[in-house]
Amino acid sequence: MSMRPKIATITVQFDLGAGRRGASQGPKSILQAGLLRSIQKMDLSIDDITVISLGEVAATALDVEQDITNLNYLAEVITINTQLAEQVSQTVERGEFPLIIGGDHSISIGTLAGLSTRHKNLGVIWIDAHSDLNTAVTSPSGNIHGMSLAVSLGIGHPLLTEMRGLQPKLKPENIVLIGCRSLDEGEKKLIRSLGIKCFTMYDIDRKGMAQVMQEAIDYLKERTDGVHVSYDIDSLDPNEAPGTGTTVKGGLQFREAHLALEMLHEAGIVTSAEFVEVNPLLDVNNKTSQLAVGLISSLLGKQIL
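Numbering-wise (our numbering), the sequence shown opens with residue 1 and increments by one.
The set of hints was computed from the structure by calculation and includes no laboratory data.
Each computed DSBU-like pair below joins lysine-lysine, with the alpha-carbon atoms no more than 30 Å apart: (1) Lys41 <-> Lys6; (2) Lys221 <-> Lys188; (3) Lys207 <-> Lys189; (4) Lys197 <-> Lys171; (5) Lys221 <-> Lys171; (6) Lys120 <-> Lys169; (7) Lys287 <-> Lys6; (8) Lys197 <-> Lys249; (9) Lys120 <-> Lys221; (10) Lys169 <-> Lys197; (11) Lys120 <-> Lys171; (12) Lys188 <-> Lys249; (13) Lys120 <-> Lys197; (14) Lys120 <-> Lys188; (15) Lys302 <-> Lys6; (16) Lys28 <-> Lys6.
Here are the simulated distance ranges between beta carbons: (17) Ala210 <-> Ser53: 35 to 41 Å; (18) Asp43 <-> Pro158: 44 to 50 Å; (19) Lys6 <-> Gly34: 17 to 23 Å; (20) Gly34 <-> Glu185: 40 to 46 Å.
Quick reminder that beta carbons are idealized off the backbone N, C-alpha and C, glycines included.
Use the sequences and the hints to build the structure in full.
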């Protein structure tokens with residue numbers, strides 16, 4: 001256990017990338033639900049918590065009219081992700097395991113940018129009801145949390161893909177999407193044209209979660225120099241996780257979700273992780289925050305026996 005890297009927890013209190021407010025309160029709610037206690041019970045070494053929020057920094061000034069770009073809260077998204085990228089970069093340079101707690105899924109732009117300073121062939125397991133492969137052109141809403149993976153591939157408006165310090169260029173062949181069930185037409189075309197491996201809920205229904213995860217692990221373990229898990233809580237069925245802003249029926253069940261993360265831990269390939277889109281304003285009896293604590297614990301090695 002002592003050989004395992006220290007966990008550096010970074011909370012990102014940000015929700016302007018989403019269409020509904022409230023995910024900025026997700027990190028606090030997850031911590032209050034007992035995350036640190038759960039990690040400590042596993043005898044893991046954990047660093048102090050770093051908090052990133054817009055209250056700590058001024059929003060970036062941009063020489064552009066936001067309504068022209070169809071990118072909501074563009075300056076704020078750039079500001080928070082620039083800060084996050086720097087923090088994640090420092091974390092990996094110290095040899096620690098970055099555990100990022102959001103916040104909405106737009107923060108993945110900064111997470112992946114920071115990770116790319118160390119991992120030049122980074123693999124990404126994106127567990128989400130959505131693929132987040134929209135652009136300003138294809139997005140029906142203009143909310144950047146639906147564009148974060150596209151931006152990290154270098155696809156989208158230059159203000160996002162070319163912003164200073166945030167220029168990771170993931171390889172499409174190093175990405176695995178799991179749990180998708182709500183894809184816009186532009187996203188479907190992009191997945192097919194780039195050859196991104198995608199396990200939809202149809203695949204999970206047919207094959208079972210165990211086979212899907214083993215295929216994903218086998219696919220990435222030999223071709224990457226690290227694997228990042230980006231876990232959107234809306235990957236679960238709304239009956240399991242009501243506290244999130246973009247629920248879609250027909251998602252992962254409780255044990256499917258845990259099994260996926262348990263298998264990733266056993267595989268020993270995960271080098272960083274983020275958990276996003278918990279919205280306590282929409283939750284029922286803190287159910288989703290408590291679930292998030294359990295899922296994070298499963299990824300970090302908590303076992304039934």
